[in-house]
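Position one of the sequence shown corresponds to residue 2 (our numbering), numbered consecutively onward.
Careful, some of the hints might be misleading.
Stated by the list, open to error - Computed cross-link-like contacts, PhoX-like style, restricted to lysine-lysine with a CA-CA straight-line distance of at most 25 Å:
1. K192 <-> K230
2. K230 <-> K295
3. K31 <-> K79
4. K230 <-> K302
Claimed, not checked - Ranges between beta-carbon positions, derived for each pair:
5. D189 <-> I10: 41 to 51 Å
6. E55 <-> T305: 21 to 31 Å
7. D136 <-> A22: 36 to 46 Å
8. D7 <-> K230: 39 to 49 Å
9. R232 <-> P160: 22 to 32 Å
10. E55 <-> D189: 30 to 40 Å
11. S219 <-> G28: 44 to 54 Å
12. G254 <-> R6: 49 to 59 Å
13. G76 <-> R175: 49 to 59 Å
If you're looking for bench data, these hints aren't it; they were derived computationally from the structure. Ideal Cβ placement from N, Cα and C applies to all residues, glycine included.
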Amino acid sequence: MRGVRDLDITGCCQATITNEAFTHLDGIRKLNMSGCYQRTIGDDAFVHLRGVQELDMSHCRQSTLSDEAFAHLQGVRKLSMAGCDQATITDAAFTHLAGIEQLDMSGCSQPSITSAALRCVRGVRALNMSACTQDTLGDEGFQYLAGIEELNMAECRQPTISSAAFAHLRGIQRLNMSYCNQPTIGDDAFKELGGIRELNISFCDQRTITDAAFEHLSGVQVLDMSWCKQRTISDAAFAHLRGIRQLNMSYCGQSTIGDAAFEHLSGVQELDMSHCTQCTITDGVFSQLVGIRKLNVTGCKQLTLSAPEIMQCTRAVRLLRHL
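Given these sequences and hints, build the entire structure.
Here's what the structure looks like:
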């Protein structure tokens, strides 16, 4: 197998695969060993992966893998270590990943990984740290993410992350902070996010996020605010979303959102407002949706779908008939 450049051994967790197998992979460039959690694979296997550029070792949770394995991954550009939550991996592992561009460390919630780890990957462009809920990760780590373009921090609910962390994310394009409903994150978090294009704040229903947060989101084109039920968000928030193209506000049951919100959304092309049963949205909203291409109003019992305004939105009519 010395000529192999791309190898997928996902889920091959049999004990007959050992470190010895990796001695034949000197020329490998892309390797997927996700779910290979057998203890017969350890640090020594990685000695032969010096040339690898893309590596998926997600859910390789065996204690035979430690910081030492990462010493041989200095050439890697894309790495997934999702679910590798063993205590044998610490901040020291990240000191060898200075050239990393895409890193998935989701579910690596062990306290042995702290804000100091992010200092070693300051050149990363895309980072997934979702479900990294340890208090050892906090605002301090975000100062090393100044060049990041895409960040997934869904379910990072620890109180050590506050609005101050976002001051370092000025260049970010895509941010997922769904389920981050801690009160330490509020309107101030959004002040430096003027260049953001895609934002997911679903299930972020803390009252510390209000209409004021949206003043800084004029560049957003894709917004997911589904299940955001706080009444601190009202029609006024939408006045700043004139550039929006895709909007998901399903299950947004707050009565503070009504037809007036859509006066500024004439450019929206995809809209999901399914199950918004408590909103004060009526059939009149359809006169505003002149650019709509895709519409979901499933479960919106307050809509009759028979008002004259709907006829002004022919594309919407065509889609509504089979919902």
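Checked hints:
1. Note on K192 and K230: the hinted pairing holds, with a Cα-Cα distance of about 22 Å set against a maximum of 25 Å.
2. A C-alpha spacing of about 23 Å is found between K230 and K295, which places the hinted pair at or below 25 Å, so the restraint holds.
3. At most 25 Å may separate the alpha-carbon atoms for a hinted pair to count; K31 and K79 meet this at roughly 9 Å.
4. The hinted pair formed by K230 and K302 meets the criterion: a straight-line CA distance of about 18 Å does not exceed 25 Å.
5. In this structure the hint that D189 and I10 lie 41 to 51 Å apart at CB holds, the actual value being about 47 Å.
6. With their beta carbons about 53 Å apart, E55 and T305 fall outside the hinted range of 21 to 31 Å.
7. Between D136 and A22 the Cβ separation comes to about 39 Å, which falls inside the hinted range of 36 to 46 Å.
8. One distance hint, 39 to 49 Å for the beta-carbon pair D7 and K230, holds here, with the actual separation near 46 Å.
9. Distance hint check: the CB atoms of R232 and P160 are about 24 Å apart, consistent with the given range 22 to 32 Å.
10. E55 and D189 have their C-beta atoms about 37 Å apart, which keeps the hinted 30 to 40 Å range intact.
11. Remark: the range hint 44 to 54 Å for S219 to G28 is upheld by a beta-carbon distance near 49 Å.
12. Remark: the range hint 49 to 59 Å for G254 to R6 is upheld by a beta-carbon distance near 52 Å.
13. At roughly 26 Å, the beta carbons of G76 and R175 sit outside the given window of 49 to 59 Å.
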